[in-house]
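Asks: Protein sequence lines, in the order shown, are assigned to chains A and B. When we follow the working numbering, the leftmost residue of the first sequence carries the number 1, and every step to the right adds one. When we follow the working numbering, the leftmost residue of the second sequence carries the number 1, and every step to the right adds one.
Simulated from the structure, these hints should not be mistaken for lab results. Where hints are given, some of them may not hold.
Heads up, the list lumps identical chains together, so a pair's fine if it works in one copy or across two of them.
[Claimed, not checked] Pairs of lysine-lysine residues, derived as PhoX-like cross-links and limited to a Cα-Cα distance of at most 25 Å, are as follows:
(1) Lys206 <-> Lys93
(2) Lys228 <-> Lys189
(3) Lys313 <-> Lys206
(4) Lys93 <-> Lys118
(5) Lys124 <-> Lys14
(6) Lys189 <-> Lys206
Here is how the chains run, residue by residue.
Protein chains: 2
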Amino acid sequence: MAEISVELTKTPKKKPQDEHHLPFGDIFTDHMFLMDYDEGQGWHDARIVPYGPLPIDPAAMVLHYAQEVFEGLKAYKTQDGRILLFRPEENFKRMNVSNERLCIPPIDPAFMIEALNKLILVEKDWVPSLEGTSLYIRPFIIATDPHLGVRPSHHYYFIVILCPVGAYYPEGLNPVKIYVETNYVRTVKGGMGFAKTGGNYAASLKAQDEAHEQEYTQVLWLDGVERKYVEEVGTMNVFFQINGTVVTPALQGSILSGITRKSTIEMLRYWGVPVEERRITIDEIAQVADEGHLDEAFGTGTAAVISPIGELKWGEKHMVINSGEIGPLSHRLYDTLTGIQWGKHPDPLHWTHEVK
Amino acid sequence: MAEISVELTKTPKKKPQDEHHLPFGDIFTDHMFLMDYDEGQGWHDARIVPYGPLPIDPAAMVLHYAQEVFEGLKAYKTQDGRILLFRPEENFKRMNVSNERLCIPPIDPAFMIEALNKLILVEKDWVPSLEGTSLYIRPFIIATDPHLGVRPSHHYYFIVILCPVGAYYPEGLNPVKIYVETNYVRTVKGGMGFAKTGGNYAASLKAQDEAHEQEYTQVLWLDGVERKYVEEVGTMNVFFQINGTVVTPALQGSILSGITRKSTIEMLRYWGVPVEERRITIDEIAQVADEGHLDEAFGTGTAAVISPIGELKWGEKHMVINSGEIGPLSHRLYDTLTGIQWGKHPDPLHWTHEVK
Ligand SMILES: Cc1ncc(COP(=O)(O)O)c(C=O)c1O
Ligand SMILES: Cc1ncc(COP(=O)(O)O)c(C=O)c1O
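Throw the hints in and build the complete structure from the sequences for me.
Replies: Structure (structure tokens):
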């Protein structure tokens, strides 16, 4: 699998001129990485080809049984023109965790990082350089056997596509309003919650729509069994600072093991801030909020990095956190993590990987 | 949306010669039905076109977020050459239930039945006629917006593909061995269990693989909350006859409302056999099995119609049902339902729909 062939496009697209108004997830670069898997043969034919539609059989299993996994990470351009990735090995490790749950053959993380480097070098002029912008990277695997009947596929595509994306907070870090979901469930222990796979997101659409109607940005999921333990938010993990101690839900099979979550925990420990991974009930949060001990709350994820939470709505209860303002800890974490990602800060925990 | 255009293939495939050895889900006919949805415009451009690969953008939402629903039904050829569908309006009603859960715009069931009739007439020579064979029909909807970011898509394809399939029991009705799953969970109340959507099947692959390794055909799912209530089997609903009374799990949001299940209940009532829809624990099943009161157990679904269960394995416990033989009630139901489907029996409840 050593060779990665490259076929360059003959019709390059116009790159977006206005980096101040890049949308998220709508503009794709000129090339993509593609690789096939066939039973008996393994992963093969690694190649960089022009971005374009894939001919997919209407019976392809992914379209019926959602045998699919994905990842999401970003490449950042530094002021001196280098391109950095943030802990990419973690994404490919997690992809193999998802693969395992979905009965998809594993991929070699080292090879994937090599392929990703090569793809990004081909597309290096697509990495935006305005402060806060980045190149969003979407590796994904889909089951393509044309077969009706539930079983793991014998053929897969592994694909990487790239998207220049704008600053998540063009007007500065605005705290979000979150709706605690008590009706719908995203996933449950024994299910696929710890995997990054389409079905979990499909399950979330309806609740998200209803939250939007009430002008909440995202939903906070509760566990599917007792409906009282806090799990995660849309596409973010969640943290609370209670009386100075930072707490976040423990990983127990139903939530995604976020890489920003992991980095946040590691950075807090590095700073000496007390942090606990444990089960947290929504009642506990409501109680400490009432008592004035909920210092801050924030979400963590690749897209927004740190997203301060200004309000939580749980049934009839509205909890306003830190007067709806961003708190000092959220701010420090945001500045530090993004500073490391864009190469403006030192990187004491060796998280960045330079593309070259 | 009145017009359905037809473009016939110029390269018809060879039809399978040997109807004794038709596989399930691997052979597709010459044409498919296709229709687009665009926000603002609704469903449009209904057309029958040659079967073939769809050009799908690698960013199409279905490949990432599994926003997809499907249905499954069959067309049967009668001895006098007519083609019958079995309660097709139920499938399109259920598809709209799935659509609602997945934030997909509804379709008009009457129009879909018209489209299906037209497609089957184009493909009428593909409907096999050997006893027990049929034409499997797979309507499905996929989200095709090229967009990364979790939200409902603005564009969809509705597609119908067709598969000639063999007799499910070429050597006669053989009872299956079923493995009671205690580790993995398929779905939970508040989730998508009642919808026919890819994510539910993706979640089931791993458990099914492990059951196969132990030489069990399928898994019997327990509820995701208390892990003690019986839900359904792989792609079948489940029934037990206990001391003469037939019981089946009530529909409470986490299991699929099977059309064969519904028809089984209606036929039992028509016959005057007592039938209950209620919650059933696996302990209750084990207990009545021990006491010798578990007369029969069977699965119901479009593929196998009635599938007698000869053994249930639950942890260390093996429950052999009716000495591993098909029981009289399962047999009567199988003969009656399949007799109606293939037009050999009278159809007292008016379930069949002739394609013309
Ligand atoms: C469900 C879910 N939880 C959490 C996260 C945060 O993970 P990460 O920090 O790796 O982006 C994401 C986004 O990737 C997600 O989709
Ligand atoms: C999960 C599940 N349960 C039950 C069934 C049985 O439903 P039906 O009788 O409509 O085929 C199916 C198959 O369609 C299924 O996929």
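Asks: Could you run down the list of hints and mark each one as holding or not?
Replies: Cross-check of the supplied hints:
1. Lys206 <-> Lys93: Only across copies: Lys206 and Lys93 sit 19 Å apart there, 30 Å inside one copy, limit 25 Å.
2. Lys228 <-> Lys189: both (14 Å within a copy, 15 Å between copies)
3. Lys313 <-> Lys206: Intra 17 Å, inter 36 Å, cutoff 25 Å: intra-copy only.
4. Lys93 <-> Lys118: within (19 Å within a copy, 49 Å between copies)
5. Lys124 <-> Lys14: Intra 14 Å, inter 49 Å, cutoff 25 Å: intra-copy only.
6. Lys189 <-> Lys206: Result: close both inside a copy and across copies, 21 Å intra and 14 Å inter.
This entry satisfies every hint, going by the numbered hints stated previously.
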